[in-house]
Each structure stands twice: as C-alpha cells, then as structure tokens.
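Chains A and B supply the protein sequences, listed in that same order. Heads up: the first sequence begins at 0 in numbering that gives the first Met the number 0, then just goes up one per residue. Heads up: the second sequence begins at 0 in numbering that gives the first Met the number 0, then just goes up one per residue.
I should point out that these hints are in silico values taken from the structure, not numbers from a laboratory. Take the hints with a grain of salt, since some may be wrong.
Derived BS3-like pairs: lysine-lysine, alpha-carbon spacing no greater than 27 Å straight-line [what the hints assert, rightly or not]:
1. A:Lys12 to B:Lys153
2. B:Lys107 to B:Lys63
3. B:Lys107 to A:Lys68
4. B:Lys67 to B:Lys107
5. A:Lys68 to B:Lys67
6. A:Lys3 to B:Lys153
7. B:Lys153 to A:Lys14
8. A:Lys68 to A:Lys12
9. A:Lys14 to A:Lys3
10. A:Lys3 to A:Lys68
11. A:Lys68 to A:Lys14
Restraint ranges, calculated between C-beta atoms of paired labels, are given here [claimed, not checked]:
12. B:Lys67 to A:Lys68: 33 to 43 Å
13. A:Ser110 to B:Val60: 39 to 49 Å
14. B:Gln112 to A:His76: 29 to 39 Å
15. A:Thr75 to B:Arg103: 20 to 30 Å
16. B:Asp66 to A:Lys68: 15 to 25 Å
17. A:His15 to B:Pro104: 19 to 29 Å
18. B:Ser111 to A:Asp59: 21 to 31 Å
19. B:Leu92 to A:Val95: 42 to 52 Å
20. B:Glu53 to A:His15: 41 to 51 Å
21. B:Arg88 to A:Asn83: 42 to 52 Å
22. B:Glu98 to A:Ala99: 14 to 24 Å
23. A:Asn106 to B:Ser121: 35 to 45 Å
Computed footprint of chain A on chain B; a stretch qualifies when at least three of its residues, placed anywhere within it, have a C-beta under 8 Å from a C-beta of chain A [as the list claims (entries may be wrong)]:
24. 48–60
25. 63–72
26. 82–88
27. 115–123
28. 132–144
29. 150–159
Built from N, CA and C at the ideal position, the CB exists for glycine as well.
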Amino acid sequence: MSDKIEAIEQIFKLKHLHRNHNKQKAGFKTNRPRRSADTHKRSTYDAKSSGLIGREKLEDPDAEADILKFVHDFITHVVERLRNTMCFVVVLDGAVLLNAPSWTLFNLMASSPLYMVLVMCL
Amino acid sequence: MKDLNKVGGRGSAKHQSSMMRIHANPFFVDRDNTYMRNFHDAYGREDLIATVIEDIESYVVDVKNLDKKHFWALAVRGDIGSGKTLFARKLLLELSSHEYQILRPLIKQNNSQFHFRYIVSSGTSNGSLKFLGIWRPFLRQLLEIYSTHEHQSKERIINSQI
C-alpha cells in the first residue's frame, strides 16, 4: 500500500498523501549501476541502449496493475465530471517513446468511454 | 483523404482512430529511390488540417450516445524531421482559432462555458524510462484543472480517489 501511494505521489508530484501505516518506502527504484572501478571498466553503452539502466521499477511488482487502474479511474472520473464544461484536446508528442505501462494505460483508456480528442505523434 | 475519413468515422460510439502519414523527410536528397517513391501517396501537400478539424468537429458536436463515446484518436507517423510536431502545433493553432465556430452548437444548446482544454505532453528518452513517463505531465495538468474546478486541494482529490 505504501509502495503504491509513494508511486502515486511521484507520478502526480504530490507530498503527504494518507497512508495506512508509517512505514515509508521508495515507490520506484532505479537500476543505475554503482560507481565502482568495475563498472567503469565495462562499457555500459549496450545496457544503456537497451534501456536497462535508469529504468524505474516498482518494488512491489503487483502494485503496477493497481496504479494503472487507479490512474485510469482518475482520468475517467475527471473527464466524465467535466464533460459538460470542457472537451480535452491532448497532444502526445514523441509517443514513439511510450513504454509498456504507458501503452497499457492507453489500451485501458481506449476500452472505456472517454470524451476526449487525442493526437499522438509517433 | 477519403481513407482518413473512412477509418476515423463520424460520431460513432465506437473507438475512432486514424493513422496518417505526413510529407516526406526533406533531408532525403535522392528522391528517385524506391524508399522515396513510396512517399508519393503521402498527404503532405493537401489541406489536411482542415479535414482533421472537420472530423474533430463532427466528433465533439455530436452528442448522441455521449455516455458511450470513446476518445477520438489521431496517430501521426513519419520520419525524424518530417514535421510531425509542426503538424500537431499547427493543428492546435487552427483548432484554437476556430474554437468558437466549432463549439457554437454546443454553446447555444448547453452553456456558454463550454470550451476546449489543451494539454500537451512531450516524450523524451529520459521520460520513457520512468513509469508512465509521457503521461505524467498530462496527469498533473488534469489534476491541476480538476482541483481548480472543484476548489479542492490536489492531495484531497487524490486521497478521495485512493
């Protein structure tokens, strides 16, 4: 739970959301290489180009689905609530860089009713 | 253009999407090779933006089955430097300049407050490594807009959703 809330705080750039307990954990961990002599000897170019270095990972892998569901529900709720006032026109430039969770969110959005205009530059 | 209209559909309740190709990369000097010949049927020189705006207008104004309406999506693909971003920018400019014209039926029917809300997010290689990287600016702006509309703090809104 704490992991999920920490991740949501990072996504929305918020602080001090309610938690069930006081245990604080980092929502995401980044698999950056440690700066040791051994690391400098090896070329990290291949790993970087494959996207293995610097990629965020959730400490609890099961939390990913929960967060995606939460974000999807949030988008649906807001768009539905503001439907009589505004129509969102969303432009995603550089959408070719969408990662797997981002495409999952896109698929979730596509599967449910959403009054919105979306332009993606791939 | 006909293909674009066919794929996009008009006002249907189903998920609407279009895949379009804009003009060829101007950095390619040799235009006689096979690769460049494949671009001959590109849409670049036609007045594409007007057609896209027409399509958006029919989607936005048609309020039938509003509860079941899926988002209207347009995917623009092309080479590096082919003008995808420029196209999106011009589309936004045109859309904003014709906003009142497009939304006039809705404004007359429902309320005078109805408007487009533009949210732009740009993906970077660094952002692609982050969880929901490209969606983050969109989500933050969505929360900002909603909190202003509801006169509530962002934390309170998120806490009520969790």
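Hint-by-hint comparison with the structure:
1. A:Lys12 to B:Lys153: The hint holds at about 10 Å.
2. B:Lys107 to B:Lys63: Answer holds: lysine 107 (chain B) to lysine 63 (chain B) is near 16 Å, not above 27 Å.
3. B:Lys107 to A:Lys68: This hinted pair is violated, its Cα atoms lying about 36 Å apart.
4. B:Lys67 to B:Lys107: holds, 23 Å
5. A:Lys68 to B:Lys67: Holds, at about 19 Å.
6. A:Lys3 to B:Lys153: Within the cut-off at roughly 17 Å; holds.
7. B:Lys153 to A:Lys14: OK: lysine 153 (chain B) and lysine 14 (chain A) at ~10 Å, within 27 Å.
8. A:Lys68 to A:Lys12: holds, 18 Å
9. A:Lys14 to A:Lys3: holds, 13 Å
10. A:Lys3 to A:Lys68: At roughly 11 Å apart (the allowed maximum being 27 Å), lysine 68 (chain A) and lysine 3 (chain A) satisfy the hint.
11. A:Lys68 to A:Lys14: holds, 21 Å
12. B:Lys67 to A:Lys68: 33 to 43 Å: violated, 21 Å
13. A:Ser110 to B:Val60: 39 to 49 Å: violated, 24 Å
14. B:Gln112 to A:His76: 29 to 39 Å: Violated: the Cβ-Cβ distance is about 20 Å, outside 29 to 39 Å.
15. A:Thr75 to B:Arg103: 20 to 30 Å: For arginine 103 (chain B) against threonine 75 (chain A), whose Cβ atoms are near 28 Å apart, the range 20 to 30 Å holds.
16. B:Asp66 to A:Lys68: 15 to 25 Å: holds, 21 Å
17. A:His15 to B:Pro104: 19 to 29 Å: With a Cβ separation near 45 Å, histidine 15 (chain A) and proline 104 (chain B) fall outside 19 to 29 Å, so the hint is violated.
18. B:Ser111 to A:Asp59: 21 to 31 Å: violated, 48 Å
19. B:Leu92 to A:Val95: 42 to 52 Å: violated, 23 Å
20. B:Glu53 to A:His15: 41 to 51 Å: The hint (41 to 51 Å, Cβ to Cβ) holds, given that glutamate 53 (chain B) and histidine 15 (chain A) are roughly 47 Å apart.
21. B:Arg88 to A:Asn83: 42 to 52 Å: violated, 29 Å
22. B:Glu98 to A:Ala99: 14 to 24 Å: Check failed, 35 Å falls outside 14 to 24 Å.
23. A:Asn106 to B:Ser121: 35 to 45 Å: 21 Å Cβ-Cβ, so the 35 to 45 Å window is violated.
24. 48–60: holds (count 3)
25. 63–72: Held - the stretch 63–72 of chain B has 8 residues with a Cβ nearer than 8 Å to chain A, which meets the minimum of three.
26. 82–88: holds (count 4)
27. 115–123: holds (count 9)
28. 132–144: holds (count 10)
29. 150–159: holds (count 4)
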